[in-house]
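Chains as they are written, first to last, in the working numbering: chain A, 1 to 302; chain B, 1 to 302.
Honestly, I wouldn't trust all of these hints.
Because identical chains share one entry, a pair is satisfied inside a single copy or across any pair of copies.
[Stated by the list, open to error] Heads up, simulated EDC-like pairs for lysine to aspartate or glutamate below, C-alpha to C-alpha not over 20 angstroms straight-line: (1) K76 to D290; (2) K76 to D249; (3) K76 to D182; (4) K226 to D190; (5) K226 to D290; (6) K111 to D290; (7) K226 to D107; (8) K76 to D13; (9) K111 to D73; (10) K111 to E36.
Since the hints were made in silico from the structure, they are not lab data.
Number of protein chains: 2
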Amino acid sequence: MPASRSAEQFRSDLLSAGILLDTGVDGLYHRSGTFERIARGVEQRASAAGADQHAPLYYFPAIMPRTVFERTDYLKSFPDLIGSIDTFVGDDNDHTALLQIAEAGGDWTEKLTPAEVVMCSAACHPLYPSLTGRIAEGGVRVECQGFVFRHEPSLDPARMQTFRQHEFVYIGEPDGAVAHRDLWLQRGLDVLSGLGLEVEPVVANDPFFGRAGRMLAANQRDTTLKYEIVAPITTDRLTAISSANCHQDHFGAPFGIETSSGSVAHTACIGFGLERITLALLSRYGLDPDGWPAEVRNQLWP
Amino acid sequence: MPASRSAEQFRSDLLSAGILLDTGVDGLYHRSGTFERIARGVEQRASAAGADQHAPLYYFPAIMPRTVFERTDYLKSFPDLIGSIDTFVGDDNDHTALLQIAEAGGDWTEKLTPAEVVMCSAACHPLYPSLTGRIAEGGVRVECQGFVFRHEPSLDPARMQTFRQHEFVYIGEPDGAVAHRDLWLQRGLDVLSGLGLEVEPVVANDPFFGRAGRMLAANQRDTTLKYEIVAPITTDRLTAISSANCHQDHFGAPFGIETSSGSVAHTACIGFGLERITLALLSRYGLDPDGWPAEVRNQLWP
């Protein structure tokens with residue numbers, strides 16, 4: 001069933017129903033208990049789909065070490081989406097100066113200092129430094145979840161500034177990484193279509209920044225390493241609600257992760273976008289989950 | 001039962017058991033699925049204790065509007081704990097300059113611009129602007145949860161840089177605010193002692209910053225508006241795992257919230273610290289929740 005509402009109308013309906021609350025900042029919402037109950041149902045469903053992976057599960061904070069962020073090339077590819085955190089490390093006099101600037105309506109952040117943490121850029125980024133060194137034969141599988149930050153203020157409710165990715169990550173041999181991506185692309189399609197969502201896989205088209213970004217984007221399309229699973233949340237566009245990505249040595253190299261045979265490890269991940277899948281379900285079945293089909297409710301809340 | 005381990009030993013035990021993972025930044029951890037299951041059990045227990053409040057439940061993002069943060073006086077009282085978020089809004093040339101600084105190991109954040117969001121300072125702060133204006137007779141009650149940021153790197157596992165507060169907030173008449181604080185201080189003690197934790201109430205002693213902060217701290221002790229519920233997580237100190245606070249007009253005034261009779265609204269809240277309560281339970285009953293007493297497990301996971 002195609003989406004029946006524009007992004008603007010869907011946002012308005014979600015706000016009217018109290019499922020999201022406007023904070024005055026585009027893309028930043030308070031989520032109702034109902035929204036959260038659905039998101040946790042989706043988490044449960046995604047997690048159950050990976051039970052055969054016997055992967056340890058970790059929840060990552062919404063912030064990550066700056067040194068780890070700097071070893072990804074996120075700053076090169078997506079500088080406009082990042083969040084760097086500053087704090088105050090001065091003394092009483094510095095504090096007085098800061099407050100004077102703030103009271104005059106000035107930019108008080110000029111008195112701040114970069115902290116050792118930044119906003120988390122992707123749910124699996126904080127994982128890789130924990131795997132530096134040689135990993136076990138057959139590779140490693142990890143299930144992880146985290147809030148990620150994207151500074152892209154938007155009135156499309158499916159484009160939030162902070163949202164959760166629930167991932168299954170593989171680290172190991174190159175062919176293992178491709179197999180993991182392919183397994184999970186199909187499994188993601190199965191999970192999401194099993195919830196009655198009208199999904200399809202497409203080659204990913206990430207918003208790489210600037211002139212150099214146009215080449216990176218063309219390269220991403222040509223290599224077909226990353227796929228998105230898109231669904232009709234609104235009539236404006238199809239929205240990626242999951243993605244399956246083979247990173248090749250993109251993380252294994254900078255984080256010094258080696259396979260059991262000593263070559264650079266390849267990695268791959270599937271990410272389920274909990275907020276967007278929640279919105280896709282609300283769009284598909286209506287704003288009251290108690291009225292959703294039993295076969296959907298049974299999968300989310302078994 | 002008093003705590004049996006120092007903070008250093010408890011941290012080491014939690015890391016060895018894989019319940020927390022070290023990120024290399026003090027006070028920043030990856031949480032295991034077990035940790036998260038306990039935290040959600042605590043959330044459920046706290047939420048159930050407030051069922052009679054008939055309060056709508058909201059989940060707040062870990063970031064909040066900068067303009068809202070500026071209307072609290074957090075910057076005056078706790079500047080050293082804040083997190084301000086910068087992002088990149090430049091063009092290709094600015095990006096090239098930024099990357100050159102980064103590649104030379106310099107401070108690339110000098111090329112960034114303050115975003116319209118900051119790290120959330122307290123779970124109930126994002127709530128107040130949604131209540132600007134005149135509220136209903138009898139006041140308003142809201143249940144809310146959010147991750148908050150405190151930049152205070154520490155090796156005490158109970159002092160994390162990012163953690164959840166689960167709150168019940170009252171907004172209304174002055175006597176209603178005091179009654180809410182008193183009701184929930186007792187209820188918090190009941191909930192936590194019902195889980196077998198050795199808790200006691202103490203007058204709060206917040207770490208106000210600097211010279212002016214010494215007066216604010218003395219005033220906080222004298223007015224006894226805020227209480228903490230402390231428990232023995234480690235042998236180093238008693239740790240606040242919840243707090244019950246009457247804010248008087250501290251938020252009603254700057255956010256323009258009026259009672260039904262037109263006076264400035266008073267507010268009060270109880271906050272359950274999900275991470276710290278989880279740690280208190282792990283300290284009290286051991287690192288394997290499957291072996292905890294049935295009466296505790298039944299309350300967390302009914």
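* Ascending list of hint numbers which this structure does not respect -> Numbers 1, 3, 5, 6, 7, 8 and 10, in rising order.
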